[in-house]
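Position chain B relative to chain A; hints supplied.
Chain by chain, the residues run as shown.
2 protein chains.
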Amino acid sequence: MAKIEGVCREVCESTEFVTIVTSGDDGPHVVGNWGAYMRTLGIREDMIVLPAGRYHKTEQNLRSNNRVQLLVASKQVQGTRTPGQGCLIAGTAEILCTGELADAVKAKFPWARGALVIHVEDVMPQL
Amino acid sequence: MAKIEGVCREVCESTEFVTIVTSGDDGPHVVGNWGAYMRTLGIREDMIVLPAGRYHKTEQNLRSNNRVQLLVASKQVQGTRTPGQGCLIAGTAEILCTGELADAVKAKFPWARGALVIHVEDVMPQL
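Protein chains in written order, with the working numbering: chain A, 2 to 128; chain B, 2 to 128.
The shape of chain A in the complex, shown without the other chains (with noise of 0.2 Å):
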């Protein structure tokens, strides 16, 4: 089932940046991203492809704890009440410097090391 839909899949069309929070040992590690990147990767039902960059305690964190949460969010989506509406995705995530995601980011972003690709398990709209 898509898991990136609805008044999701609207947040991250719009959103200006991502967020990415990663889990290591000194605590949450956090880094952030386009949305615009997001965007020219194209946004799967259930995977997001961002360029990395560096992201080298992002990586770390993940080999020993794969689990990953990103927020998005953006006033130009309606919220239930008002305008404005965020939405926090989780799931797990790998950094892939070789294949064939990561050709498909160099290709787009030469300064690329690899691909951070979240595999998205959950989607939670917050407002």
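It is worth saying that the hints were derived from the structure and are not from the lab.
Do not take every clue at face value.
Any copy will do: because identical chains look the same in the list, a pair fits if it lies in one copy or spans two.
[What the hints assert, rightly or not] Here are the simulated DSSO-like cross-link-like pairs (lysine-lysine), alpha carbons at most 27 Å apart as the crow flies:
| no. | residue 1 | residue 2 |
| --- | --- | --- |
| 1 | Lys58 | Lys76 |
| 2 | Lys76 | Lys107 |
| 3 | Lys109 | Lys4 |
Just chain B now, with coordinates in the frame of chain A:
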């Protein structure tokens, strides 16, 4: 010394949303707030105040570990190489339901149960 200044202040002045990350026994907890709400309450040199609607898990986490990280970002702010800058803000936080800051929040946001007050310690431009 002012923590929120220069490029980080620029990003705070234009970010559409703010991601707020705390740490719990079950891992990172991620919530959001609007940049406009942060700006309504005034961004001090070393303090950010946000309206707290629910944030019960955030509050619970902060009681046992008051460390917090915020991510803000905007394409409108120039990064070192390309348009767009993000800023990771680290510090401690608390949710105050009474007192001057809580009253100031409730005056602007009648739906809020209190103020999420972030005491900024470090500010890290991302790009």
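Taking the hints in turn, this is what the structure says about them:
1. Taking identical chains as interchangeable, the C-alpha atoms of lysine 58 and lysine 76 lie at most 27 Å apart only when they sit on different chains, with a minimum of 24 Å there against 31 Å within one chain.
2. Proximity of lysine 76 and lysine 107 under a CA criterion of 27 Å is satisfied inter-copy only: 22 Å between copies versus 31 Å inside one chain copy.
3. Taking the shortest Cα distances, lysine 109 and lysine 4 sit within 27 Å of each other inside one copy (25 Å), while across copies they are farther apart (36 Å).
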